[in-house]
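Engineer: Now that you have both chains on their own, put them together as the hints suggest.
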Amino acid sequence: MKSITKQKSPEEIQQALQGMERVFIIGCGTCTTMTKTGGIDQVVEMKEYLQGLGKRVTGWTVIPTACDDMTEVAMKENKQAIGSADCILSMSCALGVHRMNLYIGKPVIPAQDTLFIAVEESPGYFREACEQCGQCLLGETAGICPITACHKGLVNGPCGGTNNGKCEVDKERDCAWTLIYERLKEQGRLDLMKKYQPPRNHHIALKPRVLRI
Amino acid sequence: MVSRFRDALNSGKFVITSEIAPPKGTNLEKMLHHIDLLKDRVDGMNVTDHQSSVMRFPSLGGCLAIKEAGGEPIMQMTCRDRNRMALEADLLLAYTRGIRNVLCLTGDAVPVGDHKEAKGVFDLDSLQLLNTIRELTSGKDLGGSDLDGAVEFCAGAIVTPEAQPIEPQLIKFEKKVEGGAEFFQTQAIYDLENFSRFMEYARQFPVKILAGIVLLSSARMAKYMTENVPGIFVPQELIDELSGVPKEEVLAKGIEIAGRTIAALKKDSICDGVHIMAIGREEVVPDIIAAAGL
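For the protein sequence lines, the chains are X and P, in the order given.
Quick note on the numbering used here: the first sequence kicks off at 3 and runs consecutively.
Quick note on the numbering used here: the second sequence kicks off at 755 and runs consecutively.
Calculated directly from the structure, the hints in this document are not laboratory data.
Hints should not be assumed to be uniformly reliable.
Said to hold, decoys possible - Here are a few chain X residues that face chain P, going by a calculated C-beta distance under 10 angstroms:
no., residue
1, Leu156
2, Val157
3, Cys169
4, Pro200
5, Lys209
For glycine and all other residues, C-beta sits at the position ideal for the given N, C-alpha and C.
The following block holds chain P by itself, in its conformation from the complex (with noise of 0.2 angstroms):
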């Protein structure tokens, strides 16, 4: 057995994965309560890497906590932070601790987070990234060497189903798949009609799609999302049902959009699961998939 989230997305199951998010400091007993509350409850856990440029605990650093707490973590790696050396030295590290899922990701830029006079690396990007673990597990690293033990890892990659225009993101996604992409985790996604479409075309390549479910925590966060964060579209009717609820119901209704949302998508089988982010309330995730009907 590589990964068992490898066999979950194959064994056609409709997968859940959510996400984790380190501390900025050394007190961990937040994300252990995070990963202990969900490592029973979905097939992978997601570790941020610095999340929007944000200095943490290192994304490495919560996926071995994963690993002793018996969860199944996926790696959230950016090329922001890394050279290919130090890259490919961590996924060396990763898999000689039990670590078999790494999502690839390019990384936000530098200036979006609180380290701002900080250099961005970007020696690599998301595909050359995925492209380095296939040359990895082929045994040999990016300098033309042997390695003495190579890797196997589960690659994922990110795609936006909503960015504006789409070809150019569909292109990359696709360079993506060629490069080794075996499951995709998308951007937020609320608008269903959209997403199928999207998923009708990407039905023609042979990876697993897990939609990005957002947790709306107010119209206000919804709102601010569409208007400033890159791909994410909240459509008018959930704002409105948002800001319709009084102030103290308005998580439980966002905890129900975003259950029925998962559901209708199982219903239909659009995709292969989701990717639940709840953004600093990872404690709420299992009431979403209670929601959800799972």
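Looking at chain X on its own, in the form it has when it is part of the complex (with noise of 0.2 angstroms):
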């Protein structure tokens, strides 16, 4: 599972840090890493673009996970160069950013935007495969997700839009219906399509969600 990241343009990212001169870069040795937006060698590249810029880059680091706990060791460890930084520019994902904000009073700046989680289905292929609804259908739907693989979340089968096992969205993309409907003919199970589902509950989990255990 990962999660799949997005680096924000040059103009996003100087606009973020207007006013700010002094920065300390954190990058991720697991999500962002594997993704490509914000690894070593991106931290390094960012690093030489702020400069560019003529901000002041007072040190960076890569945590190897930066939503657990080792980011309060990694910020300790960098106490001086993060005290003499303006703000915290956080190459992780939104995860990394809340964790990172537990430990510090100043300003943490995300160089990225979390898209979805993933799985990597063959090297480099990130697919969003659960959207963590709360209710899952899984068991009646083939192991395929229609929350999650149907553009429009349809529990019931396919719309009208389905075209020769392509989605109306974009015609590269499959039907998670039509997907659903094969898998579930061959296993023998087409009965499970024929239930009718009722509306979901969005409340399953009232948001924001927590748990404590």
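Structural biologist: Below is the structure:
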């Protein structure tokens, strides 16, 4: 499972850093390294870019996994360089930004937009697989998630926009319900598709969702 | 009398419905003209609901205009823009204003339209919307609360007889029948042999089927639809027929093709009626009806 990110445009980053001359950069050794958006190479590139803008980079680090408690240790190790910066520029996903915010009062500015949670299906190909809806249907849909894989998140079968197994929003994309149909048929379980699925409960876990164990 | 349209469906006559496209803006002149032109010639007028995800004057507003003109509206309702509360509330309003027919649709995807950054709602789907109507008819809402005054609608849905693969669509069709759909308006059909095969299957269900007739206004449009519109297949002979006439006669040819398709459907009692979609040329619908000999 990977958190998929896209680096913000240079203009957006420049805008977000307006008035902040001294910057400390934090990358992540897990997801943003895998997607090549916030690993060592991108952090070094960012450092050079900011220096080109006339900013002072007080230091940088790449935390092995920016969303867990190693972040606190890494930030302590870099206390001095972080202390002399006006802000942290985070090149992790938003989960890392949240982590960093727990340990520092200074602004933590995201250099990334966090897009979705994905599985790496083949090297370099990340596919959104779960929206964490809280009512898993995979057992009834042959392991293909209609909430995630259908553009409209339909639970009662395909819409009229499907054509030759493709989706109306993009001819290159598979229609989730054609895939579900084919696989259920193969499994001899088409009856599952004939079952009426009532409207979904959007408050299974009340937003914002929390869990304490 | 619940619905004049339902009475027409149950009368055994060959039913004709047509489509009214609301304007993008507040100038209702053209829409009102089309309503006036068609209200006494068809059994019901569908008003589209932000068709192709392009924002327009609302379906409910168009339906009220039809009521005021003395016509019979069929309110198209998609699940793209409203959550279940808003859909239920609009059904209550529609009922109190005399609207008695609803066509339940899932709705096109947002990115195909002109508000590409909007949120697609899809809190319900077409089938769940049909079930919502059933619930409101029983005097309850989807929250389980009692209504002070229920609704009664003639509810319908759509089906795409030319979809590939067809079986997933038929499974959904049967779920819609079970969900209370009394009538179906189909996606455009051109190949009567294919459509007849679909009708042989559909006849086993206690629902009325109105075949979708989309006016072909040029060979280019016919080709475009075949290549780009899901579930529409225009046979090559029809495309050739359209390209074989001079430019100024193409529209007349399109009207002739639509008319003779309708006439053939009626002659052999293939289905219960037709739903004519003239796509922006609603003023020629009377010509299509005349060309069909109706």
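Engineer: Looking back at the hints listed earlier, which ones does the structure fail to meet?
Structural biologist: The structure conflicts with hint 5 only, although it agrees with all the remaining ones.
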